[in-house]
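Residues per chain, in single letters:
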Amino acid sequence: MRNLFVGVIIAFCVLLAYRQSFAEAPSGASIIEKSFNRDDGKDSYSKIEMTLVDKQNNLRSRILEIYSKDFGDLTKTFLEFSKPADIKDTRFLSIEEKNADNTQYLYLPALGRARRIVSSQKNLAFVNTDYTYEDMQRRRPEKDAHKLIAEESLDGHSCFVVESIPRDGASQYSKRISWIDKESYLVLRVDFYDKKVQKTKELRVKNFEIKQGIWTITQVEMENLKDQHKTLMKLLEINYNQGLVDDLFTVYRLEKQ
Amino acid sequence: MKNILDKFFRYILDHSSAVIILTALVTVLSVAVLPQIKMDNGVDVFFNKKSSNYIDFQAWKEQFGSDQVVMVAFKDADIFTQKNLELISRLTNRFEDLPDVDKVTSLTNVNDVIGQEQDFIVRPFVENVPEDPVALKALRHRALSNPLFLKNVISADGTSTAFIIELIHKKGSEDKYKKELVDNVNKVLIEEFPKGKKYYVSGFTTIEVIYARFMQSDLATFIPLMFLILLAVLILSFRTFYGVLLPLVGTLISLVWTMAFLYLCGFSINNVTTIIPPVMLSITLLESIHFLWELILKSVRLKPKDLDSNQNEIIRDTMHHLFWPCFLTNITTVVGFYSLLISSVPPIQQLGFVAGTGVFFAFIITFTFLPAVIKQFSLLRHLYNPKDQATGANDTELYGFAFLQEAPDKIIMSVARFSIRHKEIILITSLVVGIVSTWATFKIKTETSVIEYFRKDSPVRQATDFIESHLSGVHMINISLRAGTEDYFKDPRELKKIEDIEKFLYTIPVVDKVTSVVDYLKEINKSFHDEDARYYAIPDSRNLVAQYVLLYGADDLSKFMDSRWEWASVRVRLKEHSTAKLQKIIAEINSYLKENVPAGISSRVLGQTVLEVDSNEAVTNGQVLSLAFAMLVIFGMMFIDFRSIPVGFLSIIPNLLPLLVNFGIMGLFAIRLDSATSMISDIGIGIIVDDTIHFFHAFGEEMKKTNNNREESVYRCFASKGRPTVITSLILIMGFGVVGFSRFVPTYYFGILSAVLIFNGLWIELVLNPALLTFFKPKFK
Chain A
1 MRNLFVGVII
11 AFCVLLAYRQ
21 SFAEAPSGAS
31 IIEKSFNRDD
41 GKDSYSKIEM
51 TLVDKQNNLR
61 SRILEIYSKD
71 FGDLTKTFLE
81 FSKPADIKDT
91 RFLSIEEKNA
101 DNTQYLYLPA
111 LGRARRIVSS
121 QKNLAFVNTD
131 YTYEDMQRRR
141 PEKDAHKLIA
151 EESLDGHSCF
161 VVESIPRDGA
171 SQYSKRISWI
181 DKESYLVLRV
191 DFYDKKVQKT
201 KELRVKNFEI
211 KQGIWTITQV
221 EMENLKDQHK
231 TLMKLLEINY
241 NQGLVDDLFT
251 VYRLEKQ
Chain B
1 MKNILDKFFR
11 YILDHSSAVI
21 ILTALVTVLS
31 VAVLPQIKMD
41 NGVDVFFNKK
51 SSNYIDFQAW
61 KEQFGSDQVV
71 MVAFKDADIF
81 TQKNLELISR
91 LTNRFEDLPD
101 VDKVTSLTNV
111 NDVIGQEQDF
121 IVRPFVENVP
131 EDPVALKALR
141 HRALSNPLFL
151 KNVISADGTS
161 TAFIIELIHK
171 KGSEDKYKKE
181 LVDNVNKVLI
191 EEFPKGKKYY
201 VSGFTTIEVI
211 YARFMQSDLA
221 TFIPLMFLIL
231 LAVLILSFRT
241 FYGVLLPLVG
251 TLISLVWTMA
261 FLYLCGFSIN
271 NVTTIIPPVM
281 LSITLLESIH
291 FLWELILKSV
301 RLKPKDLDSN
311 QNEIIRDTMH
321 HLFWPCFLTN
331 ITTVVGFYSL
341 LISSVPPIQQ
351 LGFVAGTGVF
361 FAFIITFTFL
371 PAVIKQFSLL
381 RHLYNPKDQA
391 TGANDTELYG
401 FAFLQEAPDK
411 IIMSVARFSI
421 RHKEIILITS
431 LVVGIVSTWA
441 TFKIKTETSV
451 IEYFRKDSPV
461 RQATDFIESH
471 LSGVHMINIS
481 LRAGTEDYFK
491 DPRELKKIED
501 IEKFLYTIPV
511 VDKVTSVVDY
521 LKEINKSFHD
531 EDARYYAIPD
541 SRNLVAQYVL
551 LYGADDLSKF
561 MDSRWEWASV
571 RVRLKEHSTA
581 KLQKIIAEIN
591 SYLKENVPAG
601 ISSRVLGQTV
611 LEVDSNEAVT
621 NGQVLSLAFA
631 MLVIFGMMFI
641 DFRSIPVGFL
651 SIIPNLLPLL
661 VNFGIMGLFA
671 IRLDSATSMI
681 SDIGIGIIVD
691 DTIHFFHAFG
701 EEMKKTNNNR
711 EESVYRCFAS
721 KGRPTVITSL
731 ILIMGFGVVG
741 FSRFVPTYYF
751 GILSAVLIFN
761 GLWIELVLNP
771 ALLTFFKPKF
781 K
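Same order as they appear, the protein sequences are chains A and B.
Per the numbering used here, the very first residue in the first sequence carries number 1; after that it's consecutive.
Per the numbering used here, the very first residue in the second sequence carries number 1; after that it's consecutive.
Bound conformation, chain A alone (with noise of 0.2 angstroms):
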């Protein structure tokens, strides 16, 4: 009799929690929403150490500063190489679009040229990386259909687990899957599925922090697993909200020396 009194207590905690859950669960879209939307500052200037890793485990490391900058809704990007040698000065400027792909600029210094990037395939890599230039814009929310499909925790922090399909076919993903730190609404981790629904990249945040007060990525890695290839990035040094002139995301400054 009194096992019984305890298992219908049980029973009715179990019903409670799940209802609770279901309650307090926010959908899909919303998660991406905030997350898309989290304070990153009005502009950023940062330093990375890039470190590109190849199937023998060969490192090939390369120095960029990333200048980063809101304008309204939309961001614009300015890169440069600094190391190594050879791609010294390269630079390269995107500006988001509203209901387009960027606009890309890239100047060459040993040809002292700029000239803007075009391209249709979406599966290009960017700069040699595990990126490609779909992975290198943000990636509106209202392009994909959200669902939350798990709630888990990734090396020890509680996150919402979104699973996204484009809206349209204008992607080279057929899906992606993302962990959503529930403190920061930072993205912990992506897992990437190619048209063949096989899971091609993967894509890991090794470290965040908070810097300036804002939640930051200090160190993630992209790894392709077709290729076998991985791209790591450790953030050297960050600024928050400088006041970074417009004059810096123009063509002009790009070509200029």
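It is worth saying that the hints were derived from the structure and are not from the lab.
None of these values were measured; they are calculated from a predicted model.
Hints are not guaranteed to be accurate.
[Claimed, not checked] Lysine-lysine pairs mimicking BS3-like chemistry, simulated, CA-CA at most 30 angstroms apart:
{"no.": "1", "chain 1": "B", "residue 1": "K187", "chain 2": "A", "residue 2": "K226"}
{"no.": "2", "chain 1": "A", "residue 1": "K55", "chain 2": "B", "residue 2": "K497"}
{"no.": "3", "chain 1": "B", "residue 1": "K187", "chain 2": "A", "residue 2": "K83"}
{"no.": "4", "chain 1": "A", "residue 1": "K196", "chain 2": "B", "residue 2": "K170"}
{"no.": "5", "chain 1": "B", "residue 1": "K49", "chain 2": "A", "residue 2": "K55"}
{"no.": "6", "chain 1": "A", "residue 1": "K195", "chain 2": "B", "residue 2": "K187"}
{"no.": "7", "chain 1": "B", "residue 1": "K103", "chain 2": "B", "residue 2": "K179"}
{"no.": "8", "chain 1": "B", "residue 1": "K496", "chain 2": "A", "residue 2": "K83"}
{"no.": "9", "chain 1": "B", "residue 1": "K559", "chain 2": "A", "residue 2": "K88"}
{"no.": "10", "chain 1": "B", "residue 1": "K559", "chain 2": "A", "residue 2": "K55"}
{"no.": "11", "chain 1": "A", "residue 1": "K226", "chain 2": "B", "residue 2": "K151"}
{"no.": "12", "chain 1": "B", "residue 1": "K170", "chain 2": "B", "residue 2": "K38"}
{"no.": "13", "chain 1": "B", "residue 1": "K61", "chain 2": "A", "residue 2": "K199"}
{"no.": "14", "chain 1": "B", "residue 1": "K83", "chain 2": "A", "residue 2": "K226"}
{"no.": "15", "chain 1": "B", "residue 1": "K559", "chain 2": "A", "residue 2": "K83"}
{"no.": "16", "chain 1": "B", "residue 1": "K187", "chain 2": "A", "residue 2": "K196"}
{"no.": "17", "chain 1": "B", "residue 1": "K179", "chain 2": "A", "residue 2": "K195"}
Guided by the hints, dock chain B onto chain A, whose structure is given.
Quick look at chain B alone, frame taken from chain A:
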């Protein structure tokens, strides 16, 4: 020795039930492992996996990607029509969606690098198919002026186009996925391609898959056909239920043991080892037939009741009578097979070892299981037809084959008469035939090209020929250049050396297409200079190379350069199949590399083609060595067996001549020496020598009986050994002839030529021996 054998034979008969049970047990266990035997479809089995060319090529594949490619091509008056381009685009998408496809390159999706005012564009060549004829014409012009497209995806005249479907690199995995992919590609083509329009499917993977399919169909043909022949021979020879059943069971058991042995050795069924079943079936059948014939001969004159009481004695007598001759002829056959172990081509070694051991199994079964079964179930009087007993007056008439008596015997005897009468003419003719054959032998060419395994009229061969004649060669070789220093090849001076290698390669007439990283850099450089043709050149500074590479996001480059820019690969497509000619070309390339590549850089010529060439050499060297070994051992045994040097020499002649004639035929009819045909002489010598052993032994015995009357001895020999020799040879000719139904060119020639060899062995034996023995008059001991 005789005592030991006698004890052994008695033991077998006394413990007949134990022998039967033991044999059954081993057979059941053997049957159990048969389903485990793997089919090895790959052409990889022919390669020496320890050679540096093989090992380095594996490392190359790890770096630059799988060599597994399916190629699809088609032809039309003009490829640049809206209809054709839409078809190409649709097929490209369908192919890309297939499982295990890594990448598809076609005329519509091939990367096009465009420099336009302020823009730098990398995009698929045809994104939206234009309707406008002017736009189509512009596309045509642009495609035909891009060296990276030409001969790869479009022919120079714009009438043929190709799809290159690359498979994902699967290390050491089963071949099933390749078969599925080729099937899927064909399915897509059937669905999408307009009815009546022809298309061609080739490429290395396709060739491999069809190769495997042919192999399986070979096996499916050989075994049932062989059984039909076996059955026919047995029914005609014995005409009794047990006379047919016993040899059949004995033969089957040896075959099962042999195939289980193949499994236990860790071998698989490949293009060469498929020959084992039919060849084994015919060789082991002979063993059983011999045994039964002798038994019948010994028992036929006895009354049924005496037969039962004397059963053990008759069986033992037969065993005694046959043991040594069978042992000897078996040993020669085994030596013939084992001599193949000298070859460095793995499947040839495997065939030699397994079939040689199989012959030995047949011997064991004939002298243990068969007598045990006959004793256990008192089968002696069920082996022959009672009618034979009534008519059976003399030995030779009774010797099996009542259906084939008078006429063949007459012919055989007249052959003997002719040979003795015209011995000088026969000897001189033989000498001339021998000399002509020797001369023709030197015209034999070695060829191990895999594509030439297929007949000219087979679809895959036609597809390959189409792609070779309209686009470029299917054979690929890769020049691997490793510097060991990071960014070494970003130096324009080093790139210039790669360009020089390309230029040199184009001076070789059969070279169709050479591609390296240099071609991509030139194309990008031109695009960055507003498509100015003058800038179709290597960028002039290391930094510019580095910056172009940084920018060029397509993964095409990874096929030609590693990520550290220290390991470059130059891909060469050739129109040549002949491994003999390719061997010269590879040597030429190697000597160029030796002279022109700086000392610090390791340069190698690698690829499937190179391995095929290597196996070419292995086949030739192996042939000479293993044949020399087989002849040395077998002829050595003849000297020991006959205990006479003159007789030994004479016994060599009727065996050497058929071998020479066979090589002569290969030389005259341009039949190539390859992994299959190179085995004929080794296996053949072990078999045809048996007739000589039988014949010479009989002749020696008759000489004693006739008081050294040579001519009389020859006639007696012919009377007793003539018909059995003809019959056994016919069985062997059929057994090897079955292999002639193979869909593979080399296997087909193996069957036909082996049958021809045994046929020549037979008539040379019959025609030449009387002449030899009556002309040279050797003394027998």
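Status of each hint after checking the structure:
no.	hint	result
1	B:K187 / A:K226	26 angstroms, holds
2	A:K55 / B:K497	27 angstroms, holds
3	B:K187 / A:K83	51 angstroms, violated
4	A:K196 / B:K170	17 angstroms, holds
5	B:K49 / A:K55	24 angstroms, holds
6	A:K195 / B:K187	20 angstroms, holds
7	B:K103 / B:K179	17 angstroms, holds
8	B:K496 / A:K83	26 angstroms, holds
9	B:K559 / A:K88	26 angstroms, holds
10	B:K559 / A:K55	14 angstroms, holds
11	A:K226 / B:K151	29 angstroms, holds
12	B:K170 / B:K38	19 angstroms, holds
13	B:K61 / A:K199	23 angstroms, holds
14	B:K83 / A:K226	35 angstroms, violated
15	B:K559 / A:K83	26 angstroms, holds
16	B:K187 / A:K196	18 angstroms, holds
17	B:K179 / A:K195	22 angstroms, holds
The structure shown violates the earlier hints numbered 3, 14.
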